[in-house]
Amino acid sequence: MSVLRARVLASSLFLLACAEPLPTTLPSIDTERTSERAMGVCPPFPLRDEAGAVIDPVQGLNADVPYSPKQTCGAEGCHDYALITQGFHFTQGQGETPPAAMTERYAWVSHPGNYGGNWCSPAPLYRALAPKKNTSAREIDMSSFAFITAGCGNCHPGGGPLEFDRDGHRYDTYMQQQGMVAGAENGLDGDYFEARWSETGVIEADCLLCHMPEYSLKTRNAELAKLNFRWAASAASGFAKLSGSVKDGVAPSVVYDLSKFDEQGNIKLHLVPEPRNETCLGCHFKSDWKKRGSAYSQRTDVHMVAGLRCVDCHSAGSDAPDERIRGRERHQIAKGDDPSGWIRNDLDDTVRSCEDCHLSAWRNAPRAEHAWLPPLHLDTLSCQACHIPTRAVKSALVQASDVYNPAPRIKPPGKHIWTFYDQSMAFWNHYGELELFTGADVPTTLSRPTLIRYKGKIYPANRVHSAWVGYEIDGQSALGQLQMKDFYTMWSQHRAEPSKNYPSLSIISDDNRDAIIEVNQPSEIDALLEACSQYLADTKFPMQGRRLVWVSGTRAYRSSTDYRELDAEEYESGPYASVYKFSHDVAPAKAALGAGGCTDCHSMDSAFFQGAVLELPFHPSDGEPRWMANHQILGISAFWVQLGALRESVIKPLVLALGALLALLFAGYGASHLARRQLSRARSAQLGLLVSVVAVAVLASLVAQPDWLSYLTLRRFTLDANHAWVSLFCLGAASSALLLPPSWRRWTRLLELGLLGSLGLAALSGMFMLLKFGFLETLTRLSYSSFEFALAASLMLASLLVLGCLSQCMMRNEESEQPKAETADECRAKGVG
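In this text, residue positions in the sequence shown follow our numbering: the first is 1323, and each later residue adds one.
Derived by calculation from the structure, the hints in this document are not laboratory data. Wrong hints could be hidden among the right ones.
[Stated by the list, open to error] Below are the DMTMM-like pairs computed for lysine to aspartate or glutamate, each with C-alpha atoms no more than 20 Å apart in a straight line:
no. : residue 1 : residue 2
1   : K2094     : D1701
2   : K1454     : E1507
3   : K1569     : D1623
4   : K1608     : D1623
5   : K1737     : D1808
6   : K1777     : D1671
7   : K1608     : E1757
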């Protein structure tokens, strides 16, 4: 044994001998505390059925019934299902009263969200939710049951109108209690008309749709298509395999996957507290592709490059930045403020804003300092207006819902009545591409957003145009809409037998030769209204107190010669076409407008003001689009745009040139004074003038070569960013010209008076710029230009004064050095003459 081991053993024996004897009994255990296991977040737990009974497929307990998300996640001691499902993602507008502005436009709106009023589509021609009480089956377009089967249920997580009717009753139990018959008219109740709730069950809010990354939305929607509503959650989560279809009359059966359960029969699953981007985009990607053209990729968005997640800005619960939505279990997702969105307007702008991150450096975001930018800009510009200058994605600029679109791969067939055009007015087979492409293949056509003025600020947006057929209602300003199935059926019957079925549609032609017909000529408007009127009469749709209209832009045409103007906001192409603000696809700061200087926006050809904005999709003469300048919908006159362009493109460079000229002239003047010790006054003045001329010539050669000017001096952005200090320097230099030696010449006195006047105008304009008098807004805007004009005038007058001073010195010095002529008296005194 080594010496070291012997020492360790001896020490151990000594310690044991000195230690107190071990207790004969163990300390008592707090059984009350240890009965609570260290749970963490959602440990393995039992599934429960709709009655709350435990499902244990390991022991064969209730193993043939689907699990209930409501009873499982909302079990006692777990989550507050009732509070969670109050979120607008679940209610989709159910129970809300539409704002007055909405009811004044849309006669079919009963609730402001997707359920009852608004849809993923940018134009109004879609399916309208039937009122709760109806008098005619012919007028019922979409019941609450059809809201799901029409495809609207594919993205909605359940709960709300997918679980309860408008009176708060659970659909399936109430239907059974009332003795309603599946598939029957059921008293023309808008919640139960031709509904099969008693067979399908309801769609409870499915927590795993967002909180389980492996959740299969595709599987869920396949089960919804089979009308297997109550079974869909079990299949989409992967807990069980399903067979059967309520739609086909085959009762669904459930077989649980035992590998997903532990020995105690508890489910084992992967849960995340915050949904992943892929989960959010499972629902939002395709709809946003059409509306906003958002790609949500690192290729297009600097925030995606930085690794931000949807929930960083669109947060909820305890992490929410706004007290309106903050709180444990609260699932109001932080939302922005969409001009076309009406749901929960009281929660507008609860999303984390640009300022939240880039002024407070939240999550180490770079602080945005815009000290170089005149304050007037931050009062009127949104961050997005400059930081989303272009977009490398597609979105629909026009949705024509008045003709049949024969393009391929469009599913379901009813969507053939929507014809899309992209930002350059090229036909776009949008639904066909959605069927064909994935998110990785999203079109990346470069386009420039339209700039709109919304709630006092300028935003980039997609200003959609629409055309559709609706009807006026006696005594109402709001318009009604035709049912989508009616419009589709009319066109389908016509295409099958053009000469027999609604032959007037045959005159609608393809004037712009893009292979898609369009309604643009007066005769085509009349033909479309005639065909629709005939179809409604043939199918006995009640038109008492109603009159058909073709709606395009801000006009509702009763005929090609009889129309009325519709009220619309300045940012809308019409009251029945959507406007979508852009907040995604943000460019890096160095690509933002202004990174190249003020002329990025204020120039004669800048897209900010002069960019083409669609005015009319199809002109009556040729079917071609007509465009207008962006400043027109911003409410800015051409005078202000041209004045700003003149100021930034011409006057500011002139100020910089004149400032440099004055500095060089002063340098020459100083050189002349320094040279007086060595040279005569005339020669020193000539030297000073020569120095100034040579320096000006060098500067002029640099100006002629902008690359060298930037290389040897400063970039335009640097000069614009420091324009306040440049201006102060120029004002000081110009004022210094007044300190030059006084002159007896009249023209120099006039120059001095002019210089005093221009300096006074510059000071007055600067005061208006800094103080921003709200009641003198026009003068404040004008002051930015008048300041530059006054500054340029001051520098020019000051330069003339310096030149005059140099020339005067030369002239006086030359006179003093010439021999003095003798007077007649002097000659006589010398005896001459």
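Each hint tested on the structure:
no. : hint          : verdict
1   : K2094 - D1701 : holds, 11 Å
2   : K1454 - E1507 : holds, 13 Å
3   : K1569 - D1623 : violated, 43 Å
4   : K1608 - D1623 : holds, 17 Å
5   : K1737 - D1808 : holds, 12 Å
6   : K1777 - D1671 : holds, 12 Å
7   : K1608 - E1757 : holds, 10 Å
This entry does not satisfy hint 3, going by the numbered hints stated previously; all others are met.
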